[in-house]
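Q: One letter stands for each residue in the lines below.
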Amino acid sequence: MAKITFVTSDNDTIITEATTGSVMELAVQNKVKGIDGDCGGVCSCATCHVHVEPAFWDKVGAPSQLESDMLEFDDNVSEYSRLCCQIDVSDAIDGVVLNVAK
Amino acid sequence: MSTETSNKICVVIGASHAGVNFAFALRKEGWEGDIILFDRDPEFPYHRPPLSKAYLTSEEGTQQDLLFPKQNYETDKITLKLGKIISSINRKEKSVTVSDGSVQKYDKLVLTTGARPFIPPIKGLNSAKNVFAMRTAEDALNIRKSLNKDHNKVIIIGGGYIGLETAASLSKLGASVTVLEREERVLSRVTAPEMSTYFKELHHKHGVSVLSNKNVTSINFDNNINEVQCDDNSSYKADIIIVGVGIKVNTELAEEAGLEIENGIKVDANCKTNDPNIYALGDCTFHFNPHYKKYIRLESVQNAVDQAKIAAKSICGKAVAYDSIPWFWSDQYDVKLQMVGLSQGYNQTIKRIETDRDNCQSVWYFKDDELLAVDAINNAKAYMLGIRFIQKNQKIDKLKLSDVSIAITPTSYI
Ligand SMILES: Cc1cc2nc3c(=O)[nH]c(=O)nc-3n(C[C@H](O)[C@H](O)[C@H](O)COP(=O)(O)OP(=O)(O)OC[C@H]3O[C@@H](n4cnc5c(N)ncnc54)[C@H](O)[C@@H]3O)c2cc1C
Ligand code: FES
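Chains as they are written, first to last, in my numbering: chain A, 1 to 102; chain B, 103 to 516.
Simulated from the structure, these hints should not be mistaken for laboratory data. Each hint can be trusted.
Now the in silico label distances, taken between C-beta atoms and shown as ranges: (1) Asn11(A) / Pro171(B): 24 to 32 Å; (2) Asn376(B) / Lys3(A): 49 to 57 Å; (3) Lys350(B) / Glu53(A): 47 to 55 Å; (4) Pro171(B) / Pro54(A): 29 to 37 Å; (5) Glu53(A) / Glu354(B): 49 to 57 Å.
Straight-line distance between alpha carbons at most 20 Å, and here's what the computed PhoX-like set of lysine-lysine pairs gives: (6) Lys130(B) / Lys102(A); (7) Lys130(B) / Lys33(A); (8) Lys172(B) / Lys31(A); (9) Lys179(B) / Lys33(A); (10) Lys395(B) / Lys374(B); (11) Lys31(A) / Lys130(B).
Please read these numbers as outputs of a predicted model, since none were measured by experiment. Note that beta-carbon positions come from the ideal geometry of N, C-alpha and C, so glycine has one too.
Looking at chain A on its own, in the form it has when it is part of the complex (with noise of 0.2 Å):
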């Protein structure tokens, strides 16, 4: 069981605790303002776009290429930047908080 909290951008803070799936559809489940998942989950749409707390960075991981090359133009982009349906939920990112992007 993992325990994420989303941090919204109008400083909602959301916490959230799952076992399976991707982080960007616990997000819908959870309705996180600003977490859209518009393409399913399969990096194309840019809708899951989240800062990693800069703590939780090495926890979470860096992003892939294709995501990378997703994210490198988008205006609100930061050096702490994923694409949320690109992260897997499991026990190695329990406690992590993610605050949502713009």
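Start from chain A and add chain B with the ligands according to the hints.
A: Just chain B with the ligands now, with coordinates in the frame of chain A:
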């Protein structure tokens, strides 16, 4: 808003990408009344794109790929009536009739009836064995079930995205696959010749033959195997035949109800039909695209999802006009194709093969100086930049674009 909608009923015909996304968007926009979705498909609503891609090769099944988790239907009070066919719409009474005879009233009706596979009039197709289309979870499951070591010769009729993706997936499962395309190249309706050649070669590299100018005229089932005949007198043996020659839009219900039809159900910028209480969204619509300034019909998740949001807003009194640049993707083997824009009407293409990366390309479609579309192969930068340039009507220096020593960035070709 609550006083206005709390005792109202919104009925949706079709619980797939358009219908389901619409239902959740409607709730989000503040609709407080009932939301009832009907679908003839008994399966809990699932993503279609994986059917020809990961689903065929994975063990998990479509119930791993639900559009929304089951519990969200409960929390958002969205009623699913699956395995139910709507047989008619009565606009005067504001009701729909289910094929079991029951009647459901509506205040707002939303048609998300999508499309079904077009089955061409090929002689002997009806008596051939193991013939499948590829549209529903059941289709994909049946294809998987019928494929085994001794029953693995597959002919795919039609070299569109669905046919090619299915070919890639089945060959991964060990099938011996041949794609028969009637036109002189695959993907001819949707891409430039460069792309057709790329995909043909990709398939050949993986042992799948992709043959063009193959017009299938008849099928004979004999000696426990299908014999697929083409008009150039060639013939191919097949244990399994998959028909992927395009779709037929499900407009019949709308047409019988007297709604305006033109290559799909005609809708305005808010996805409303010519009846103010009836909306239509997704694959079944003929709608105006403001960027390309023309009426189009699209078969894509993007269009279904975007129209769902537009219609939900409109019904809740917050109308905004549809204004999307179309996008689409396709996965074949280890290749990710991402497309943005509409290339129809192009008179020039520029192809870039990036030299600093493996198998990373893009084709840029122009009509004179206007960038219409970009097809990107393992090149999400070109795809994202294409979206940005097209949205902004950016004028592009084509000479710079053709020079691969100039890297892709938002300012490099301006
Ligand atoms: C194999 C495959 C791969 C695809 N890959 C991609 C891809 O990679 N990217 C992409 O963007 N798009 C892809 N698409 C297209 C995408 O799936 C469609 O654009 C999308 O499903 C359209 O959604 P829709 O809700 O408008 O229509 P549909 O998905 O067609 O849904 C319509 C629903 O209405 C129901 N229905 C119709 N009439 C009635 C009735 N009278 N009563 C009750 N129910 C009814 C049907 O049963 C159906 O479930 C793919 C499609 C397929 C089949
Ligand atoms: S859901 Fe589309 S990129 Fe993540």
